[in-house]
Amino acid sequence: MDSMDNSTQKRTLREIAEHVGGQLCGDPDTTILGASTLSEAREGDISFLVNRKYTRQLETTRASALIVGREIPEARVPLLVVEDPYFAFSQVLVLLYGQRKHQVVGISPRAAIAPDAQIGEDCQIHDFATVASGVRIGRGCVVYPCAYIGEGVEIGDDTIIHANAVVYERCRIGRRVLIHANSTVGSDGFGFATHNGVHHKIPQIGGVIVEDDVEIGACSSIERGTLSDTVIGQGSKLGDLVTIGHGTRIGPHCLIVAQVGIAGSATLGHHCTLGGQVGVVGHIALGDHVTVAAQAGVINNVADGQIVAGAPAVDMNRARRAYAMIPYLPQIRQDIRDLQNQLEKIAAALEARPTDSAEPQDVE
Amino acid sequence: MDSMDNSTQKRTLREIAEHVGGQLCGDPDTTILGASTLSEAREGDISFLVNRKYTRQLETTRASALIVGREIPEARVPLLVVEDPYFAFSQVLVLLYGQRKHQVVGISPRAAIAPDAQIGEDCQIHDFATVASGVRIGRGCVVYPCAYIGEGVEIGDDTIIHANAVVYERCRIGRRVLIHANSTVGSDGFGFATHNGVHHKIPQIGGVIVEDDVEIGACSSIERGTLSDTVIGQGSKLGDLVTIGHGTRIGPHCLIVAQVGIAGSATLGHHCTLGGQVGVVGHIALGDHVTVAAQAGVINNVADGQIVAGAPAVDMNRARRAYAMIPYLPQIRQDIRDLQNQLEKIAAALEARPTDSAEPQDVE
Amino acid sequence: MDSMDNSTQKRTLREIAEHVGGQLCGDPDTTILGASTLSEAREGDISFLVNRKYTRQLETTRASALIVGREIPEARVPLLVVEDPYFAFSQVLVLLYGQRKHQVVGISPRAAIAPDAQIGEDCQIHDFATVASGVRIGRGCVVYPCAYIGEGVEIGDDTIIHANAVVYERCRIGRRVLIHANSTVGSDGFGFATHNGVHHKIPQIGGVIVEDDVEIGACSSIERGTLSDTVIGQGSKLGDLVTIGHGTRIGPHCLIVAQVGIAGSATLGHHCTLGGQVGVVGHIALGDHVTVAAQAGVINNVADGQIVAGAPAVDMNRARRAYAMIPYLPQIRQDIRDLQNQLEKIAAALEARPTDSAEPQDVE
Chain Y
203 MDSMDNSTQK
213 RTLREIAEHV
223 GGQLCGDPDT
233 TILGASTLSE
243 AREGDISFLV
253 NRKYTRQLET
263 TRASALIVGR
273 EIPEARVPLL
283 VVEDPYFAFS
293 QVLVLLYGQR
303 KHQVVGISPR
313 AAIAPDAQIG
323 EDCQIHDFAT
333 VASGVRIGRG
343 CVVYPCAYIG
353 EGVEIGDDTI
363 IHANAVVYER
373 CRIGRRVLIH
383 ANSTVGSDGF
393 GFATHNGVHH
403 KIPQIGGVIV
413 EDDVEIGACS
423 SIERGTLSDT
433 VIGQGSKLGD
443 LVTIGHGTRI
453 GPHCLIVAQV
463 GIAGSATLGH
473 HCTLGGQVGV
483 VGHIALGDHV
493 TVAAQAGVIN
503 NVADGQIVAG
513 APAVDMNRAR
523 RAYAMIPYLP
533 QIRQDIRDLQ
543 NQLEKIAAAL
553 EARPTDSAEP
563 QDVE
Chain E
203 MDSMDNSTQK
213 RTLREIAEHV
223 GGQLCGDPDT
233 TILGASTLSE
243 AREGDISFLV
253 NRKYTRQLET
263 TRASALIVGR
273 EIPEARVPLL
283 VVEDPYFAFS
293 QVLVLLYGQR
303 KHQVVGISPR
313 AAIAPDAQIG
323 EDCQIHDFAT
333 VASGVRIGRG
343 CVVYPCAYIG
353 EGVEIGDDTI
363 IHANAVVYER
373 CRIGRRVLIH
383 ANSTVGSDGF
393 GFATHNGVHH
403 KIPQIGGVIV
413 EDDVEIGACS
423 SIERGTLSDT
433 VIGQGSKLGD
443 LVTIGHGTRI
453 GPHCLIVAQV
463 GIAGSATLGH
473 HCTLGGQVGV
483 VGHIALGDHV
493 TVAAQAGVIN
503 NVADGQIVAG
513 APAVDMNRAR
523 RAYAMIPYLP
533 QIRQDIRDLQ
543 NQLEKIAAAL
553 EARPTDSAEP
563 QDVE
Chain W
203 MDSMDNSTQK
213 RTLREIAEHV
223 GGQLCGDPDT
233 TILGASTLSE
243 AREGDISFLV
253 NRKYTRQLET
263 TRASALIVGR
273 EIPEARVPLL
283 VVEDPYFAFS
293 QVLVLLYGQR
303 KHQVVGISPR
313 AAIAPDAQIG
323 EDCQIHDFAT
333 VASGVRIGRG
343 CVVYPCAYIG
353 EGVEIGDDTI
363 IHANAVVYER
373 CRIGRRVLIH
383 ANSTVGSDGF
393 GFATHNGVHH
403 KIPQIGGVIV
413 EDDVEIGACS
423 SIERGTLSDT
433 VIGQGSKLGD
443 LVTIGHGTRI
453 GPHCLIVAQV
463 GIAGSATLGH
473 HCTLGGQVGV
483 VGHIALGDHV
493 TVAAQAGVIN
503 NVADGQIVAG
513 APAVDMNRAR
523 RAYAMIPYLP
533 QIRQDIRDLQ
543 NQLEKIAAAL
553 EARPTDSAEP
563 QDVE
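Chains as they are written, first to last, in our numbering: chain Y, 203 to 566; chain E, 203 to 566; chain W, 203 to 566.
Treat the hints with care, since some could be wrong.
One copy or any two copies: either way a pair holds, since identical chains are not told apart in the list.
Unchecked claim - Mimicking DSBU-like on lysine-lysine, the simulated pairs with C-alpha atoms at most 35 Å apart in a straight line are:
hint, residue 1, residue 2
1, Lys212, Lys403
2, Lys547, Lys255
3, Lys403, Lys255
4, Lys547, Lys403
5, Lys212, Lys547
6, Lys547, Lys303
Source of the hints: derived by calculation from the structure; they are not laboratory data.
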């Protein structure tokens, strides 16, 4: 539990075990007041072990209970043994703390709502939010202060638009979508036709479709398509400062980590994972279940299930060994010089001797 | 034509040919309702072929007409043959769809306009926009909701400031400039004088000059200069999440793609193109017509017309071959070991024989 | 002095010398009207020389006085000789121009202030700013238009929140902090538990602590912690478009340049410097006084005082020599082929001769 006030409901370990499933080893009446990391846990906290790197912290943690996987560690406190301890711990967090609660403000008279905008029940539209003409918003949505919802935008139920996020005209946002502060959806694609040295703006007549259950981090930008829509697939999660180019289509359940940039007209299948600062050029296709290591530069199609790294990106194992070798380049060069010198000496030595058939003067 | 409603005016192919020039092969009375890519075109759409990668789509496209270059492909539909098909297609898009239309709202009473601000005719200043003291805005400008125009800023005619964009005090924005949502112009340069381990803020007394016809993408930041102004040259186009350091001067007609970062006091000539995620260190000069490949890191001056890639960036052709070879580093190392082993054996073999003049013991 | 109006107070060189210390060589009554770079200085300006790169400009500068270090250059104008000329010049800038002046607006009736929010004396809360329930703001703070201060946030004295910056609920911001436009503090960490192919959102119950004297550039994002707080240490300065992951702790007096991305649960000691576009993976520790060169990718712990570069990052000197050698990879490969060919010939030559004990057929 961190230093900020996050009121939780007191639970017993038994209640937690019933909620997440798994096998309980230890006193089921142990009181759980909060959840924390091993190193920061206080008495009453439940913690978890997933990353072996932290195993040593079991000796010193003050946690009152632990969620662990099938590989059961030594510990002095009650254990909850589950198949997927990270998922179980996340369920416990939801149980104890819940997701963000949004203040009930109704539709603020200080928001700017177009007369023809349709807003569903139980929506919270904050002060200084703009809901332009032709907008349709479902039930249970929250539009935070200074968010801008452009003309003709459609937003599904239970979607949250955080403060100062901007959705340009005619984009479509699904249900249970979460767009964080200062992000932009539907700004113009980077499309110019250069003619006689002048860059002429190409109208970006496509839009953006953000499907259900997508989350977009802060300060990210999803460009609208030039002709066809840019699409963020169902359940995909984008980090902070991500940019997605015009007409790119990202499949469902992808994880796009912070500062990734994907150029226009690319396609990603489902369940792709792109590490931080990855770049993907335009007009290429990544299959399903593709993983791209942080900072990689992808310039060619990637087949289903492939894991790639490096710039230009190649198979991960190959890249990992190759990039780890770059610091040895000066040594490699020296080795080659040494070999050249040795060979020269040998050649000279051979030349100095009476030969039979070989022609050492060929060797140079 | 995409799934979103973009009403267009019906045209004949003849009208289109008259508008963009070029040679018409096929029925001039063909009706054109919209424009689209080859793969997404519907009956009535005009499409185009520029990238040979898409030639195969000619067989299946449902487009009713095509704009093509001098290298005329086989096709079953009327062709409009032009010098620069991409430019021609962009002109058709403008003809059919036009650029973004801005709602006429006048000067909203819900905007915060300083009494001494001067605003030209036909401007649209939206709710919750701020126009601070001493600001001068030309004719035909649009300032979207929650945009902030700081004290003493000057903005030329027909400039569009999108929602939540921020222009700090005393910056000068030209005519027909387009600044997208959540971008910042004129925030402080990253300037600190470190003294006894403490970083002291250096006042950033320069400003930013954004010349005519510049476009700045979403979530980008142009820092104000420490002493002299940061300049974005006429007609240059910046993508999303770009950052330009204090005092840097970008010449006219440059293309700066998404996530590029240019440090302070750098200069770029005209018609430079920087690919996505490029980094440029401070205090260096890139000439005219310089091209930098995506993700490159430029740490030295670059001469006019040069194309560079890699980090540190070198000549593109050289870089392309070199970086493609990184994955072979483990093989290279193995080859060297093999050579070393073979050489050892040869040296041993030579040593084992009666020698004349050579001294194989030297060879090691 | 730049082209924009920055009114300064006229000073004599004597007054300046008294203010910054140092030794004055030349007429103490020289009038100083402004400050500028060597190349842009006009008569009446004071300038400085730190970077030798600019020494040649001494011949042509129109500056009326110069601040220089102990290595005194030839110059035709009065010199102020100091230990740390860059710091002295920055002091002169503060003396002549001061830091940004903030308009006195009081608490705008057009701001949205929760009834229970506490706001100290001499604060300026602009139009369209939101100060949510439970917020406590110290004395002398400025909250610019459309900034959002979420529920329960605490802000220390003399802190400036620029236009459209967003601080999510329960974050704590110190004194004299400066957060630039369109930046976000406390948005959700990128935390998902993937179960059966679906990414479940993990509540981010930690917060963000931004300590005293921190500056955060424009369009940057600091994520709130999952369990424990994300911390930006006292006096640290972050550039534009920086992102700091959930639970990461940055020590005091660090310099984090533009577009750096640090993943979650990392720790940085004090006085670290990270160059532009650096990436740091999560769960690692950088010691004190660590320097990371631009674009590097740090994937392992870094010891105190180390300077690293490259991706993956290694010791700077080693990296510099190694990366400079990448363009020679094609040559290296050719060298190896040549060696292989030569060796083959030698082996053949040896095989062709009568041998004693060596077995050249082994050599291949």
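Check the structure against each numbered hint from earlier and tell me which ones fail, lowest number first.
2, 4, 5, 6
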